[in-house]
Amino acid sequence: MLEQVLILLPQVVFDGLVLGFVYAMVALGYTMVYGVLELINFAHAEIFMIGAVVGVEVFRYLAPHLGSGYLVLLLALVLGGLIAGLTAILVERFAYRPLRKRGTTNRLVPLVTAIGVSFILQDLVRLIQGLWHNEFFLRMRTLEDLEGAFELFGGLVFVQTKALILIAVSLAMLLGLTYLVNRTKLGVAIRAVAQDLQTASLMGIDPDRVISRTFLVGGSLGGVAGVLFALQYTTITPYVGFLPGLKAFTAAVLGGIGNIPGAMLGGLVLGQLENFFGTYLPILTAGNFGTEYKDLVAFLILVFILLLRPQGLLGQVVREKV
Amino acid sequence: MSALGLLLSLGYLGPALLFPGALTHLLGLGVLALVALGRADPRARALALTFLTLGFTLSLWKSGNTLGLIGLVGVLVALTTLPRIPLWIRALLGLAILLVSVPLAGFANTFIFELGIQIGIYAAMALGLNVVVGMAGLLDLGYAAFFAVGAYTWAIFGSPQARNFLQGNFPLPGEYMYLFMLVAIVTTAFTGLLIGFPALRLRGDYLAIVTLGLGEVVRILANNLDHPINFTNGPQGITPVERPPIDWFRDLTAALGLGLDRTTDYQLFFYLLVLLIIGIVVLVNLNLANSRFGRAWTAIREDEIAARSMGIPLFPTKLIAFMTGAAFSGAMGVIFAAQRTFVSPESFTLLASITILAMVILGGMGSIPGAILGAAALTILNLDLLKTFSEFVRTNLPQIPSQVDPAKYERLVFGLVLVLMMIFRPQGLIPERRHRAEMEEA
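Read top to bottom, the protein sequences are chains A and B.
Just so you know, we're using UniProt numbering here: the first sequence kicks off at 1 and counts up by one.
Just so you know, we're using UniProt numbering here: the second sequence kicks off at 1 and counts up by one.
Just chain B, with the same shape it has in the complex:
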């Protein structure tokens, strides 16, 4: 079995080199499934994964077909979840995928950078929500509100918008974005306090519905605070939002021999920035899980009354979870605003909140690789798979009416995924140990 997987993954290099494209990627995904699910010697498996990475990278680089990105995400997941692969191989291969394969593919097809950045932003937010829902067990249906607060914090001051109500020299120069990530952490944590203070006295479903309502309140405010004083510019949104200057980054890449053009330089920069932030977020998450707070959150999640009897102060502990999760989202909001140079209330609807929640739940509540996988899966589904499928339908089956365009049915597919997941695998794709035990017990 292990020899077959190894042989196939080595053989995959051939088609990857000769016929790069969607079909080859599908083949690769099949081989990947075989390697990951079949019983294999860990060393052979590590080697097979290396070959597959090489294959996916080659084919992605040559064809730019985004299915290959799913393959790379798959390899990453395999690396984080499969047992007994030596740590140095995990680390080396993981870094190679993130720092070499994806950028290489991005030069072939800049959309892959865009996809990578969006996955990264959502993954960081999913990790933030993971603290709230996964660790502390507080159901938050208004999480996008914090994302909005973060995004508007920078959008208002990083654009001429602030001139409407403040004296001074606006937009602030792009370097201030870094400072505003800190500011956003404070403003969103404060918003978390404001929302959490009334909401967290409630439990379960009531908490869900109140956070949903307050999330809507933030969206209504963003939509309507263009009068009497124009803070948010209403439904039109704010544009252009300043980006940080990256001359040093251009010099650095030029010194490394990478010729960047006007479209790819910012893409690569934001991609690397998001990667860096995810790294930090994961570290913070790991430390939180093992901290005094993390244990208190788990205790509250498992049994609130028992936790209280053991002397854990319920309300402040929950509030801290809420504020921590909010802060993650706020920092990502700033990046989101700068990367797209545009912010509007459209991005912060209930659908956004639920999408982020679904990432956490699909991936497996409380699990860090799960949250990242969930973010990757849903972002690729929404931004790429349905759109690609739409294009396929439009070019190959033009007689089908435009009303059936698959890209318009994001919610339908999303809803089906949610319902089927809850029926067949409620513990998520990569469940955390304790959650898995809980679900199996039931």
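Chain A on its own, in the form it takes in the complex:
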């Protein structure tokens, strides 16, 4: 058994890395919104899903006309990111901003709104897809030049080109975001608003605009993640966002919510753990517990982390002032 575990290990680590980057990208959207508004933006899972659906549609309609699969993918990433980002802005404008203007102190109200928005988006996409294609189970078209694969380490790791693309694109996005938040004016404004919304607005920052842009950045990141997810895992439905969304949130909490490097770390750790348990549980328990328990592992990790280190891996302890 040990031999079997060891032979599979390099592949498990690689697949976990791919999954981890998807989670990391989605987790960043959660973390940014939470940092600025202290809101668990449940609808972010559906922003991710919209990205995936846009990706499928772009592949469906543009692939026959364009010669290169890479070009199709580039367009899908741009469009997916753009549409998802715009949706995020709309959600903020019409669902969250009215609440902020009203100045509700109850934390339940924005949370329930976020859940409501998430349901609306799921069914809206289902409605549109239903009218358009008469079905809402979508399959990503496979393009030959993205489907290549090669073996590493004497056949121990099977690497697909699209998995490499996923890692490369997400790394680029993550580095870009780090630059944006730490080095640009918008980044400074976002951090200022996250620190203290009132004070930031006294310093001449328009909080509405900053929040809107935060949603745009987080939403596009989620959309890009969605396109890459669709490319990698191929079957997409309007309800596909829920589980990755929940996992990504777990990742954000794991890293310390509101903390950008933490969200990346959390995503990668969660991806590894989930893939590890998903592969090895059936082997280690002689088939008694199957892969389906991997989701359970993610939630149990969430509970343990919150119990042992509520501020997350990289988070700081916030002392409550009385």
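In case anyone wonders, no lab produced these hints; they're calculated from the structure.
These figures come from a predicted structure and were not determined experimentally.
There may be inaccurate statements among the hints.
What the hints assert, rightly or not - Some chain B residues near chain A, calculated using beta-carbon distances under 8 Å:
(1) Leu139
(2) Tyr206
(3) Glu216
(4) Pro401
(5) Met422
We put the beta carbon where it would ideally sit given N, CA and C, even for glycine.
Position chain B against the provided structure of chain A, taking the given hints into account.
Coordinates of chain B only, in the frame set by chain A:
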């Protein structure tokens, strides 16, 4: 104004008798709104409500159109919320609606019993969650997990399922259902302890997300515990689940001169049973709200740090709220399993948890009539209004593609209701006094 309302409600008896149906019910709802919202003398108002009840009952009985049920729910709400109506009128009219009008309508259209039972089950659960969210302010997004534990507790032992892992004579006879309601209260309270123990150390959003995760864990378990040992029969679910024998009930109704057939006897029985339980749950809720625990919960909800400074032990007090809420849900789970004779993981998804939460929030957190109204509104919306609308669309506008079938867009409508409510009336339909003050202050 009061004379007009009275006159209209008296006049409503005419159409109710002559043209029973959906349109008449809509008319009645209009009159009801006029009576409830217009300024009126309490005595005239009580009389008008009586006429409306009579009208709705007549029309429901004759047509079986479920819109009338909404009218009756509306009258009930008016009775519980409008000021200065004498207590005896409230009590008498309320009982008449619950014990006479609804069963009468149920004989005309058995679906009304089904609707009544579902509303009752959800109302009892909403009242349980009201303890957790409304009173103690703990946001629980995995409440359906307790419902599942309760339902499976009886489903496993009330069906041949238990033979897979136990020696003995299964299914247990139906009478055991009553015993298992007690057992379920214990098992769910224990589950509440298991979930609450780690989760309740956290606050606010974190608590919400952990309960959500643990709720999913329970659903994943229900879905997958069909191997290596078959406890839950996996996604197929468990059927048939035993119902309690009701020969005595048939004899009783026969003695009262009610001829019951095979379909309506269990429906009426479960309807009355659920009513009885709701009565008990409301009493428990009222007593809890005024008890030492109730006051401690409110204190924690309002200001945790202040509550702790005043010597309230936070963790145990929260844990008790969590376990109490869970126990309500567990008992209803047993009824749910027996009434439908079928249990599957499908009924205990995140959507179910959120629906119950939405009932509490829409009705008005912390408010008992609010929780019941929320349950009635959302159950009718999900089970009836959208389906009826679908049928209407299918028969009258067949050119519209089946993909746009309104019944498929339960979530969309539900989401819209949630978002609009939060923007325009976050305190809920019938807010509790303290919550209302809090929301207005903000």
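Now the hints, each set against the structure:
Interface restraint check for leucine 139(B): the shortest CB-CB distance to chain A comes to about 6 Å, inside 8 Å, so the restraint holds. The interface hint given for tyrosine 206(B) holds, since its Cβ lies 6 Å from the closest Cβ of chain A, which is under the 8 Å cut-off. With 8 Å as the threshold, the beta carbon of glutamate 216(B) comes within range of chain A, its nearest partner Cβ sitting at about 6 Å, so the hint holds. For proline 401(B), the interface hint holds, the least distance from its beta-carbon to any beta-carbon of chain A being 7 Å, beneath 8 Å.
For methionine 422(B), the shortest C-beta to C-beta distance to chain A is roughly 4 Å, which falls under 8 Å, so the interface hint holds.
Hint violations for this structure: none, all hints satisfied.
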